[in-house]
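Those protein sequences? They're chains A and B, same order as listed. With this note's numbering, letter number 107 in the first sequence gets 107, and the count goes up by one each step, no holes. In this note's numbering, each residue's number is its place in the second sequence (first place is 1) plus 1000.
Treat each hint with caution, since some may be false.
[Unchecked claim] Cβ-Cβ distance ranges computed for the label pairs, FRET-style:
id, chain 1, residue 1, chain 2, residue 2, range
1, A, Ala-257, B, Arg-1063, 42 to 48 Å
2, B, Arg-1025, A, Ala-24, 36 to 42 Å
3, B, Ser-1105, A, Asp-167, 54 to 60 Å
4, A, Leu-34, B, Gly-1173, 18 to 24 Å
5, B, His-1014, A, Ala-24, 48 to 54 Å
6, B, Ser-1105, A, Ala-145, 28 to 34 Å
7, A, Leu-34, B, Asp-1160, 56 to 62 Å
8, A, Arg-42, B, Arg-1025, 34 to 40 Å
9, B, Leu-1131, A, Ala-145, 26 to 32 Å
[Stated by the list, open to error] Heads up, incomplete: computed chain A residues facing chain B, CB under 8 Å, no partners named:
id, residue
10, Arg-28
11, Val-39
12, Leu-41
13, Arg-42
14, Gly-81
15, Ser-104
16, Trp-106
17, Val-112
18, Thr-113
19, Pro-119
20, Arg-123
21, Gly-126
22, Glu-239
[Said to hold, decoys possible] What the simulated footprint calls covered on chain B by chain A, stretch by stretch (three residues with Cβ under 8 Å from a Cβ of chain A suffice, anywhere in the stretch; the number is not a length):
id, region
23, 1029 to 1039
24, 1044 to 1055
25, 1068 to 1077
26, 1095 to 1104
Keep in mind the hints are simulated off the structure, nothing from the lab. Each residue gets a CB set at the ideal place from its N, CA and C atoms; glycine is no exception.
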Amino acid sequence: MSAATTTHVPTRPSGARPDDAARAADARRGIPFLRLARVELRKQLDTRAGAWLLGVIVLVNAALITLMLTTAEPGALTWMGLTETASFGQIMLLPLIGIMAATSEWSQRTAVTTFVLEPRRSRVNGAKLLAAVVLGLGVMVATLAAAALLNVVGLVARDGDGAWTLDLALVGGTVLALAILVTQGVAFGLALLSTPGAIVAYLALPTAWTVLSALVEGLRGPSEWLDINMTMLPLMAGEMGDGDWARLAASVGVWVALPLAIGLWRTARREVA
Amino acid sequence: MITAQHLTKRYGDHAAVDDVSFTARPGRVTGFLGPNGAGKSTTMRMLCGLTAPTTGQATVVDRPLRSMANPGRTVGVLLDASAQHAGRTGREVLSLSAQLMGLPSSRVGAVLETVGLTDAESRKRTRSYSLGMRQRLGLAHALLGDPTVLVLDEPANGLDPAGIRWMRELLRGFAADGGTVLLSSHLLREMEAVCDDLVIIGGGRILAQGSASELLSGPSTRVRSVDDRALTAALTAAGHTVERTDEGTLATAASPEEVGRVALAAQVVLTELRAATSTGLEQLFFDTTAQHGREGIAA
């Protein structure tokens, strides 16, 4: 380190301060929400952990796609089929980026700087949420593009079906499911503020409920409404029927909206140390 | 300008900070001193809006920090140099905040140069940084928004001697340009060298505050003699308080002339007699915080 800088380095031009006007203007305008969200999106990807998770998602999807391209019936090789297969990685792992976006401020203690630069904590949390959902949409768009390319590969290499029709209910359902799961990740992260705790709770609690309701007969009725693993199935299959939307909304209320509300309340009050 | 007005923070029955009021003025470096657990960091967190005071109010440039739209452009904060994401590079930490505050990216290179972090160092993840490098990164972050106010909690911690000297000049320069600096440190000689004003707290309460020259210039005389016991008795009889200093001399509030007259009357031979110009921050610190320290060191 070039430590021996003993000469006086001015922190700003001495005398007149031409920057005062700019500072006053910045202070009036404040930080636009979209700029906050852009920074939060960058924060989700610029850490080693974030980059690794995204890398693993690509690897998982690539492995599944390779498997499908080499072993599936040629008739199954369509744009839609390939997209469905290639969506598995993000459905499984993208919510973890949402969890880390929420928890790392506290586990890595960056909250000390984050909340000095933008003291409105719920605004920061909202930006995190938007950034995580936008990241999910970006990954889905990339998946559609990759699947399109691979559809051509399937056509040429394996004489695949190669159909270009997309089931919009299925694509839309997958996108919405991804957005719900990512939001759930952020919500669990904010409510628990501990990375391992939030990951375990996110992965285990809904499944534990599914198992419990399978074992206890009395829970089966409420479970139709409250088991998010079950209510998401028709959504991801693109087969939402009568009453499915209401059941989905109820389970999202319990597993997404409730922890999100707890998390926003908790982070707004919590002492940053 | 930073103002704390009757700041109090209670955790249950315990008051970590108890009715603390002070002002850090523009153009001056204000030193914030106290033993471990005195409430310095809690007070600084309240100034920065990270901890809500139980009662009282803190303002920076006449506003609570939490009501500012883009606080980083007004106040630069370094509360904990190790509170950086371990998996992010130093440069990325600064770039994120520059983007957030709406600053040109050239500002990142400028502050890195100011704090003496090399380009190669700035591209490493902060996990690998030494404490001194983290402090420099933290200072760079505090200076990033070109603020008019700095709040720094033990920024000299972990810096090498050249780094400490460099920081002294940086802070003096910042204040000379009209900036406000609130600084805490346990390096008392360093604080003596850099601070214009002092605020000393212990047990959550203000113990002393004022300009450094005022607080450190107690009227005081140092004296040595061949019979200190007789001299102490004579001075005490004459109504003066006498203490023995660490250097082995006697210290008294009486003037050198009075000490000379008392010694003459008591027929004690003096070997040294001088007016002490300054009591020294270390002496002041122990005098004021004696009952709040953990080691029970008598002053």
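Results of checking the hints against the structure:
no.: 1; hint: Ala-257/A <-> Arg-1063/B: 42 to 48 Å; verdict: 35 Å, violated
no.: 2; hint: Arg-1025/B <-> Ala-24/A: 36 to 42 Å; verdict: 21 Å, violated
no.: 3; hint: Ser-1105/B <-> Asp-167/A: 54 to 60 Å; verdict: 44 Å, violated
no.: 4; hint: Leu-34/A <-> Gly-1173/B: 18 to 24 Å; verdict: 37 Å, violated
no.: 5; hint: His-1014/B <-> Ala-24/A: 48 to 54 Å; verdict: 41 Å, violated
no.: 6; hint: Ser-1105/B <-> Ala-145/A: 28 to 34 Å; verdict: 30 Å, holds
no.: 7; hint: Leu-34/A <-> Asp-1160/B: 56 to 62 Å; verdict: 43 Å, violated
no.: 8; hint: Arg-42/A <-> Arg-1025/B: 34 to 40 Å; verdict: 38 Å, holds
no.: 9; hint: Leu-1131/B <-> Ala-145/A: 26 to 32 Å; verdict: 46 Å, violated
no.: 10; hint: Arg-28; verdict: 7 Å, holds
no.: 11; hint: Val-39; verdict: 5 Å, holds
no.: 12; hint: Leu-41; verdict: 11 Å, violated
no.: 13; hint: Arg-42; verdict: 6 Å, holds
no.: 14; hint: Gly-81; verdict: 37 Å, violated
no.: 15; hint: Ser-104; verdict: 6 Å, holds
no.: 16; hint: Trp-106; verdict: 10 Å, violated
no.: 17; hint: Val-112; verdict: 5 Å, holds
no.: 18; hint: Thr-113; verdict: 7 Å, holds
no.: 19; hint: Pro-119; verdict: 4 Å, holds
no.: 20; hint: Arg-123; verdict: 11 Å, violated
no.: 21; hint: Gly-126; verdict: 15 Å, violated
no.: 22; hint: Glu-239; verdict: 41 Å, violated
no.: 23; hint: 1029 to 1039; verdict: violated (count 0)
no.: 24; hint: 1044 to 1055; verdict: holds (count 6)
no.: 25; hint: 1068 to 1077; verdict: holds (count 9)
no.: 26; hint: 1095 to 1104; verdict: holds (count 6)
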